[in-house]
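Using the sequences and the hints given, assemble the complete structure.
2 protein chains.
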Amino acid sequence: MRNINEHTITAAVLDRLSDCGDPRLKEILSSLVRHLHDFAREVKLTEAEWMAGIDYLTATGQKCDGKRQEFILLSDTLGLSTLVVAQNHAKSAQATEATVFGPFHVPGAPRLPLGGDMSGGAVGEPLFVDATVRGRDGEPVADAEVDVWEADAEGFYDVQRAGLDAPQGRAVFRTDAQGRLWFRGVLPVAYPIPTDGPVGTMLNATGRHPWRPAHVHFMIRAPGYQTLITHVFRDGDPYLDSDAVFGVRSSLIGDYERHEAGPAPDGSAQAGPFHALSFGFVLEPAG
Amino acid sequence: MRNINEHTITAAVLDRLSDCGDPRLKEILSSLVRHLHDFAREVKLTEAEWMAGIDYLTATGQKCDGKRQEFILLSDTLGLSTLVVAQNHAKSAQATEATVFGPFHVPGAPRLPLGGDMSGGAVGEPLFVDATVRGRDGEPVADAEVDVWEADAEGFYDVQRAGLDAPQGRAVFRTDAQGRLWFRGVLPVAYPIPTDGPVGTMLNATGRHPWRPAHVHFMIRAPGYQTLITHVFRDGDPYLDSDAVFGVRSSLIGDYERHEAGPAPDGSAQAGPFHALSFGFVLEPAG
Chain A
1 MRNINEHTIT AAVLDRLSDC GDPRLKEILS SLVRHLHDFA REVKLTEAEW MAGIDYLTAT
61 GQKCDGKRQE FILLSDTLGL STLVVAQNHA KSAQATEATV FGPFHVPGAP RLPLGGDMSG
121 GAVGEPLFVD ATVRGRDGEP VADAEVDVWE ADAEGFYDVQ RAGLDAPQGR AVFRTDAQGR
181 LWFRGVLPVA YPIPTDGPVG TMLNATGRHP WRPAHVHFMI RAPGYQTLIT HVFRDGDPYL
241 DSDAVFGVRS SLIGDYERHE AGPAPDGSAQ AGPFHALSFG FVLEPAG
Chain B
1 MRNINEHTIT AAVLDRLSDC GDPRLKEILS SLVRHLHDFA REVKLTEAEW MAGIDYLTAT
61 GQKCDGKRQE FILLSDTLGL STLVVAQNHA KSAQATEATV FGPFHVPGAP RLPLGGDMSG
121 GAVGEPLFVD ATVRGRDGEP VADAEVDVWE ADAEGFYDVQ RAGLDAPQGR AVFRTDAQGR
181 LWFRGVLPVA YPIPTDGPVG TMLNATGRHP WRPAHVHFMI RAPGYQTLIT HVFRDGDPYL
241 DSDAVFGVRS SLIGDYERHE AGPAPDGSAQ AGPFHALSFG FVLEPAG
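So the sequence lines, in the order shown, correspond to chains A and B.
Mapping of the first sequence onto the working numbering: position 22 corresponds to residue 22, and the numbering continues sequentially without gaps.
Mapping of the second sequence onto the working numbering: position 154 corresponds to residue 154, and the numbering continues sequentially without gaps.
These are calculated hints, taken from the structure and not from any lab test.
Incorrect hints may have been included.
What the hints assert, rightly or not - Subject to a maximum C-alpha distance of 20 Å in a straight line, what follows is the list of computed DMTMM-like cross-link-like pairs (lysine to aspartate or glutamate): (1) Lys44(A) with Glu97(B); (2) Lys67(A) with Asp55(B); (3) Lys26(A) with Asp38(B); (4) Lys26(A) with Glu42(B); (5) Lys67(B) with Asp196(B); (6) Lys67(A) with Asp176(A); (7) Lys44(B) with Asp22(A); (8) Lys44(B) with Asp38(A); (9) Lys26(B) with Glu42(A); (10) Lys44(A) with Asp38(B); (11) Lys44(B) with Glu27(A).
Below you can see the structure in the form of structure tokens.
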């Protein structure tokens, strides 16, 4: 095909995909091409703007490394992550809602016993979490693998701190026979997502703030149940209604109860204020 | 805003762009978000597919370096480049048509005198080009800057060859007072675009061939005229109707005339076959 113009190009590309042997890939790519072309026609994208887009995507890819995923951050801030999570988790009313995965999970976090301190020395006021993992009918889920990660009191995940040689603010626990889980961490605070890369450039250019309300991340896996990827947000946070990545769900807001110095849930004597969170997770059956 | 679902997310993101002080950026990003979301909803993108997309874009960005632009190649193979070029060059019938820029241009190519050999030792049968640069009313365009680049007889641009320490197959010339331009290069051949990166993975997965019909690239700049970025394709090439990047225009097909050994246009005696191309470029006035 020759002499393709801005109107005939879409059919030409779709035709080129006609030999694709994978029907799902063909469906996805065909839809992507149609929407990409519609976008470029709709705004009458100029060549200089196209080149700026090429440079932007290139810089986004090059900002990624083993500890940083700028494309996930871009997807999060453009609302794509929340859209994908929402349309794949139409659950029963009882099950705990999912929210965005985010760019800060690290596989292979330390496995700690119940009651362990996941802070790893991270700065912050102590937080004592007591949670249950149950199925939809109330049955306890024993031996569920619970991956927990959080930022410290300065708003940084360990992977954002240069020179750390051990994990901070992340651990993997297993529930006991009653589906219970308890551990120590630090009180999460609101923090800005990283703004030193292309996503920060976009937020700045569009007049958007980079803040996320305080939260702790959970990923809970157990045989016979759907994996749950979620957060527990902190009640009263000023950014609950303007989360930079659109992830807040009312059902995921927890009461991080403040206590003055004194005896803590783990029996220790705390010399300063500490916080206690109770939360019940409900898993959806698999399949 | 809380409890956003896959249907309400689009309005939530657009609302977040309401403070954007740059109206054009706001227009482009709003359209992009709408189409990106429509795409994800239309195919009901799963979380695993989303992650595959994140990984694909990351790999594409990381394949780019000073000599390789994988996002341009992706744009080319998805037809976006041709669309953008076409919608920005609705020219008068007389002007030479534009086509895709491609990923292989390098700024700062050697400046050669008219008659110079741009091959730099690249393998290939000699090609003698004799061209004119004129305005729409036939006036010669003197002192136009003509950037020329091409692959060698094995289908490689110099930037694709490791260990080369000088440019091959690229040069910048200036037209003479009559708008004429002549130089020596090598006969272009059809070649596959690079398939060792994410774009190759996409072509392979969709059953598409990677071939481009033989061509020489030209970028012509002169004060008072629109910059022309184009190719001259080689008549008879088997890929003229299935260019992997959708760039062929009938008006850009040239006659690369084959000659047996003997005297060449530059007065030299050629011991083997050589080729001669004449082509007339017509520039559109600026503004």
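Against the structure, the hints:
With a C-alpha separation of about 19 Å, the suggested pair Lys44(A) and Glu97(B) falls inside the 20 Å cut-off, and the hint holds. The hinted pair formed by Lys67(A) and Asp55(B) meets the criterion: a straight-line CA distance of about 14 Å does not exceed 20 Å. As the CA atoms of Lys26(A) and Asp38(B) are separated by approximately 17 Å, the hinted pair is consistent with the 20 Å bound. Straight-line distance between C-alpha atoms of Lys26(A) and Glu42(B) comes to about 13 Å, which keeps the hinted pair within the 20 Å bound.
For the given pair, Lys67(B) sits about 14 Å from Asp196(B) by alpha-carbon distance, which is consistent with the 20 Å threshold. With a C-alpha separation of about 31 Å, the suggested pair Lys67(A) and Asp176(A) falls outside the 20 Å cut-off, and the hint is violated. For the hint linking Lys44(B) to Asp22(A), the alpha-carbon distance of about 17 Å falls within 20 Å, and the restraint holds. A threshold of 20 Å between alpha carbons decides the hint, and for Lys44(B) with Asp38(A) the separation of about 19 Å falls inside it, so the pair holds.
With a C-alpha separation of about 13 Å, the suggested pairing of Lys26(B) with Glu42(A) holds against the 20 Å cut-off. Distance restraint check for Lys44(A) and Asp38(B): the Cα-Cα separation of roughly 19 Å lies within the 20 Å cut-off, and the hinted pair is therefore satisfied. Restraint check for Lys44(B) and Glu27(A): the C-alpha separation of about 11 Å stays at or below 20 Å, so the hint holds.
In this structure, the one hint that does not hold is number 6.
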